[in-house]
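Please build the complete structure, drawing on both the sequences and the hints.
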Amino acid sequence: MRLALMFAALSLGAAGAVSAAEQLDNTFRITSSGPVSYTAIAWLPQPNGESVEVYASPTQSGVCGDTVCIGLQRWSANAVAIGNSRVKAAALQSVNAATVDSRGRIIVIGNYQGAGADGVDFGVVRFNADGSDDTSFAGDGGTVVNFGLGQGNNDYPLAVAVDRDDNVVVAGSVQRGSVGDTDFGVVRLRASDGSLDTSFSGDGKATVFFDLGPNMRIDQANAVAVANDGRIVLGGIALDSAISRVRPVVAQLLPNGSPDTAFCPTGCTLNAGYNTVNSGRRVYYFGANDAHSDEIRGLDVAGNGDIVVAGYTFSVDAATRRGAVARFGANGAQQAERIEAGLLGGGGFEAVRFADGNGSRILAAGQSGAGPNVFEVQAFASNLSLDTSYGNCLTSNSGFCFIGSSSGLADDGPDNAASLFLDARGRPMFYGTFTLASTPNRGRLLIQRITNTSGPLPDRIFRNGFQ
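Residues -20 to -1, 1 to 447 (mature numbering (1 follows the signal peptide of the UniProt record, and there is no 0)) make up the sequence shown, in order.
It cannot be assumed that every hint is accurate.
As the list claims (entries may be wrong) - Here are the in silico distance ranges between beta carbons for each label pair: (1) S175 / L437: 43 to 49 Å; (2) Q314 / S158: 46 to 52 Å; (3) A404 / N64: 22 to 28 Å; (4) A271 / N64: 47 to 53 Å; (5) D5 / G388: 19 to 25 Å; (6) R405 / S376: 23 to 29 Å; (7) N64 / T249: 53 to 59 Å; (8) T115 / D297: 51 to 57 Å; (9) Q3 / S224: 43 to 49 Å; (10) G388 / S175: 48 to 54 Å; (11) A299 / D439: 37 to 43 Å; (12) Q40 / V296: 14 to 20 Å.
Keep in mind the hints are simulated off the structure, nothing from the lab. Yeah, the Cβ is synthetic: ideal placement off N, Cα and C, and Gly gets one too.
And the structure:
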């Protein structure tokens, strides 16, 4: 019955596609696989209209001897492969995120295993726009940053962005001295040579703590974005060990790395009672103010400084998951919220984008379903009401549901959305990993572009900076 209902939903979506403002652009839909399992990281636009996909590939005999390698494939504006895929050994233990700067250079981050007591460090690699090693970046194209603040000195980079000067901003979690204590960690590297930018927090590194509970004070930044004026916005989770739940949290730093005290200066409402977390930090909750867990997975900043976050919200018993989006002003005050179950239930958003500088349209990407899976991209108006003319699926035809498989009713799963970027014409660029029943342990890659005939154009992409 579940598959029949899904088939009906997808079929109705296809039948109603004529009236939808946008369409899945099947002139730029690409699936790929290889002899090993691939993991989608990001599909990135480039200034000349080309694009590049970044994926993670496990070790391959004769190709890459590292635990995990960086895969790159370039595409023309007409969806034609440019050369062969490149698989790069970069001494990383994992590949976690990627972005692109205004010159089309590709920045990839991952875990680097340091020597001795160094633990896990932030690993950062930069490629030229053509996929070759950028030797102007730290001499050989890669650098490592170690916070070294205690315990096992394990620091995990989870998100990356660039500012208007193409400086690289990396965020994640860093261990502190006490057992079970981690903070947000942020690094800014100079665009010119990859060195630590000492105008940021004095040494190029900053930390932010929330410490919501009496012990196990785990704070982790999952997302980062840079505003037009250089302020850095971080989103992630903080554990309240007193109730064994994680809360969604946001922090904002000034360009010099200090807390932005104008952001929730004395506290913001809807803070779940954490009134002392303010002056550059805020706690939030999606839905009801009860003992449930939420997680921020992605965020973006509009030209006016507004912030949008997206992720998951769970029921109190953790049995049900839904996708959640919230919008805040530059001062941290909540403006709107939306919670969506997804086509098959169990929905969740992994990435979110403002479509323009005013945030008149908001796009969130994720997946839903616990058995059969579908990918989803959903559109919202500025106040997070549904954009009911956007697509042919989800609540009030506000989005698209699609799969990686070329046939069937759904992917066997798990489907995992990886990234959502916009090209210079405002077209959403979705990237994800899917699996098939025939090869359940082999991740496959899906590129899917969506049209943008009705929406606004991004106002910052590749013009003195990047979105």
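Verification of the hints:
no.	hint	result
1	S175 / L437: 43 to 49 Å	violated, 35 Å
2	Q314 / S158: 46 to 52 Å	violated, 32 Å
3	A404 / N64: 22 to 28 Å	holds, 26 Å
4	A271 / N64: 47 to 53 Å	holds, 52 Å
5	D5 / G388: 19 to 25 Å	holds, 21 Å
6	R405 / S376: 23 to 29 Å	holds, 26 Å
7	N64 / T249: 53 to 59 Å	holds, 54 Å
8	T115 / D297: 51 to 57 Å	holds, 53 Å
9	Q3 / S224: 43 to 49 Å	holds, 45 Å
10	G388 / S175: 48 to 54 Å	holds, 50 Å
11	A299 / D439: 37 to 43 Å	holds, 42 Å
12	Q40 / V296: 14 to 20 Å	violated, 45 Å
Of the numbered hints listed earlier, those contradicted by the structure are 1, 2, 12.
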